[in-house]
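Enquirer: Protein chains in written order, with my numbering: chain A, 1 to 369; chain B, 370 to 776.
A portion of the hints provided could be inaccurate.
[Claimed, not checked] Partner residues aside, some chain B positions facing chain A, computed with beta carbon under 7 angstroms:
{"hint": "1", "residue": "Y495"}
{"hint": "2", "residue": "R756"}
{"hint": "3", "residue": "R759"}
{"hint": "4", "residue": "A760"}
{"hint": "5", "residue": "N763"}
{"hint": "6", "residue": "D764"}
The hints are simulated quantities; they were obtained by calculation from the structure and are not laboratory data. Ideal Cβ placement from N, Cα and C applies to all residues, glycine included.
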Amino acid sequence: MKVLAAMSGGVDSAVAAARAVEAGHEVVGVHLALSRMPGTLRTGARGCCTIEDSMDAQRAANIIGIPYYVWDFSERFTLDVVDDFVAEYSAGRTPNPCMRCNERIKFAALLEKALDLGFDAVATGHYASILTDDDGNRELHRAAAWAKDQSYVLGVLTAEQLAHSMFPLGATPSKAEVRAEAAARGFSVATKPDSHDICFIPDGDTRGWLADRVGAEAGVILERDGSVVGSHDGAAAFTVGQRKGLHLGVPSPDGRPRFVLEVRPSSNTVVVGPKEALDLAEVAGSQFSWAGRAPADPYSEFECHVQIRAHADPVPAVAVVRNGELVIRPNVALNGVAPGQTAVVYLGTRVLGQCTIDRTVSAVPAPTR
Amino acid sequence: MPVYLDHAATTPMLPEAVAAYIAALDIVGNPSSIHSQGQNAKRMLEEARERVAESLGCEPIEVVFTSGGTEAVNLAVKGLFWARNFPTGDRVASAGGRIEPSRRRILVPRGEHHATIDTVEWLERYEGAIIDWLPIDSLGRVRLDALAASLEEHDDVALLTLLWANNEVGTVQPVAEAVALASRYGVPVHCDAISAYRHLPIDFAASGLAALSVSAHKIGGPLGIGALILDRSAVVVPLIHGGGQQRDVRSGTQDVPAAISFGVAAQHPVSSFAALRDRLIAGVRESVPSAVLRGEPEASGRLDNNAHFTFPGCEGDSLLFLLDAAKVSVSTGSACRAGIPEASHVLLGMGLSEADARGALRITVGHTTTETDIDAFLRALPEAVARASRAGLNDRDVAARPGSVDA
Numbered sequence: 001m002k003v004l005a006a007m008s009g010g011v012d013s014a015v016a017a018a019r020a021v022e023a024g025h026e027v028v029g030v031h032l033a034l035s036r037m038p039g040t041l042r043t044g045a046r047g048c049c050t051i052e053d054s055m056d057a058q059r060a061a062n063i064i065g066i067p068y069y070v071w072d073f074s075e076r077f078t079l080d081v082v083d084d085f086v087a088e089y090s091a092g093r094t095p096n097p098c099m100r101c102n103e104r105i106k107f108a109a110l111l112e113k114a115l116d117l118g119f120d121a122v123a124t125g126h127y128a129s130i131l132t133d134d135d136g137n138r139e140l141h142r143a144a145a146w147a148k149d150q151s152y153v154l155g156v157l158t159a160e161q162l163a164h165s166m167f168p169l170g171a172t173p174s175k176a177e178v179r180a181e182a183a184a185r186g187f188s189v190a191t192k193p194d195s196h197d198i199c200f201i202p203d204g205d206t207r208g209w210l211a212d213r214v215g216a217e218a219g220v221i222l223e224r225d226g227s228v229v230g231s232h233d234g235a236a237a238f239t240v241g242q243r244k245g246l247h248l249g250v251p252s253p254d255g256r257p258r259f260v261l262e263v264r265p266s267s268n269t270v271v272v273g274p275k276e277a278l279d280l281a282e283v284a285g286s287q288f289s290w291a292g293r294a295p296a297d298p299y300s301e302f303e304c305h306v307q308i309r310a311h312a313d314p315v316p317a318v319a320v321v322r323n324g325e326l327v328i329r330p331n332v333a334l335n336g337v338a339p340g341q342t343a344v345v346y347l348g349t350r351v352l353g354q355c356t357i358d359r360t361v362s363a364v365p366a367p368t369r
Numbered sequence: 370m371p372v373y374l375d376h377a378a379t380t381p382m383l384p385e386a387v388a389a390y391i392a393a394l395d396i397v398g399n400p401s402s403i404h405s406q407g408q409n410a411k412r413m414l415e416e417a418r419e420r421v422a423e424s425l426g427c428e429p430i431e432v433v434f435t436s437g438g439t440e441a442v443n444l445a446v447k448g449l450f451w452a453r454n455f456p457t458g459d460r461v462a463s464a465g466g467r468i469e470p471s472r473r474r475i476l477v478p479r480g481e482h483h484a485t486i487d488t489v490e491w492l493e494r495y496e497g498a499i500i501d502w503l504p505i506d507s508l509g510r511v512r513l514d515a516l517a518a519s520l521e522e523h524d525d526v527a528l529l530t531l532l533w534a535n536n537e538v539g540t541v542q543p544v545a546e547a548v549a550l551a552s553r554y555g556v557p558v559h560c561d562a563i564s565a566y567r568h569l570p571i572d573f574a575a576s577g578l579a580a581l582s583v584s585a586h587k588i589g590g591p592l593g594i595g596a597l598i599l600d601r602s603a604v605v606v607p608l609i610h611g612g613g614q615q616r617d618v619r620s621g622t623q624d625v626p627a628a629i630s631f632g633v634a635a636q637h638p639v640s641s642f643a644a645l646r647d648r649l650i651a652g653v654r655e656s657v658p659s660a661v662l663r664g665e666p667e668a669s670g671r672l673d674n675n676a677h678f679t680f681p682g683c684e685g686d687s688l689l690f691l692l693d694a695a696k697v698s699v700s701t702g703s704a705c706r707a708g709i710p711e712a713s714h715v716l717l718g719m720g721l722s723e724a725d726a727r728g729a730l731r732i733t734v735g736h737t738t739t740e741t742d743i744d745a746f747l748r749a750l751p752e753a754v755a756r757a758s759r760a761g762l763n764d765r766d767v768a769a770r771p772g773s774v775d776a
């Protein structure tokens, strides 16, 4: 096959590209330029897409012996990931930009361009596995290296996208093994630190970055019964589950700390309450997709596991498609889920599908005043 | 062997230049040393300087070797700007080390090379320069009416800098007319002749220029050496300080082997590439009728090695990738930052839309190019254009978000 290896300049994608070559594919390395004004040097473990990262990717491609190019997707990235991130926060939701990037850039803009230019597949350094069922359908599964598993952020992939995706690191039991292999191959990036945080916020200060971009207007902080307990400088700066930085003037009736339960951008209000009120009995979203083959009967409840963050533990749940929504009821209450987050549904190790959460039901009914 | 059609980026070294370079690596002695071996190195260096001078119609003393074209441009533009504003060290010293520049204005056409653009923007940011960006016409030629108006309007012009011929689209610039206009106002002119050198006749003595930049690797000489031709009456403040070599304008031990090799390339007989270029242009027009030739269409007003086209609906990097896979090396023509092609400021200055500007390819021939090379390119091109056009532009909206997919 003709395979495009997306190379970030990190150790994982370099090893993935090398393995694709050894699997007998004709491989070309491509680094995605996602910013028009890239930094020159990497700073610590934060961020990516600097010129240094591009050079690291190129040096790895040189050692593997494959052609290497930089493709500019900065405009699409700005529109689909960065602007989307700001818009979602402004609307009181908590998006996952890595997921959006997979959905719109790596496995959409890049994949489409690759297919049009004559490639058969895109290979990345994600820790996830693609298996084929008895009928030849491709399934997305967790990686063998559970600690590094990234199947969650790939949950948005559809059958069509999975058909042209390749994750050569899926069966590797640990990241240490990947690093050792990189060192054995002579890659300079073998000891490069893992990247963290959001790549387009290089200093890691998400709140400060958002404050510069999301309009902030003073408003009130309410209890669930509607009583005013404080004020804020802009509702969009708050996240569900947040405890610190509320500066409430009125102590809670029971003297226990209060947490952000809800952000309402339309009225510029923040709702707080006790920790247990964060527990959710149900999450649902009308924006859902199946990663590969859909369940035989999604309109009847089926047992599954649900995961609501990249590194959260999966929770046993029952799911069903009802009234155009994927509705998920966890057996154990989910804690601190914000609208905009993605719920990924698993059957064992298999990713079944996902929805963007736009509706939640608390496990603890709100008291009335 | 891949077909190489990117001679404007760099052209292979001439065999004579390689031979001279290798032989010269055995020379012992620093040309600034007093002993006989030093003097021998100096003799060979000066012979090389004479050869370069002869190729440009200037005096040997006017040839200042640099590390390449970019350094030559920096030395000319910054050096002239500083010299026009801070004429003597005494004046600066008496003003406590800092005086306000009085001739702050630099006249620059929009289509210049980044060596010039980034230099004047640096002067604007750090040295108080004012930049007058002169418009270019739809063929990439500087607008003389705008130049005349700017010269007439301002009495604080430090210098004019312009290309001899545009390095992307190949359009020859009206250098003589520009110098005639500037000289009426006593404004010194620097010309970046890096892409024109050995493609167009250059007579520095007759040009009226204060300074002119050239580079060796564009003419079959080695990388890492160029020259600023600096009129003996022109004054520049140096960028590099040290041993006072080369008229005190460019300190540093001179690279004798590179200079010798440069001199050999400078003496190599000039040959015209116009027939190859015309075959290329005609062939592209025939095989891809939608392609649009950019720059001066008249043969005499265009560099003899340059063909430049835009391909509507195609991304230049897609074309480049597909042609590279077909073993043909060409360029998008525009500057890269870490391999990221930008929409060309030259094409934008010529009035193209960003979308049109993205589909650019520059194909340049040179002394190793054969008709077979051109035919190989022309065979690969239609398929590449068809595929690139299917892939479209990188900013296209490829997929709707997964909506409520009813299973």
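Enquirer: Next, verify each hint and record whether it holds.
Expert: Consistency of the hints with the structure:
1. Y495: violated, 18 angstroms
2. R756: holds, 6 angstroms
3. R759: holds, 5 angstroms
4. A760: This interface hint holds because 4 angstroms falls under the 7 angstroms limit.
5. N763: Holds, because the Cβ-Cβ distance from N763(B) to chain A comes to roughly 6 angstroms (cut-off 7 angstroms).
6. D764: Holds, about 4 angstroms.
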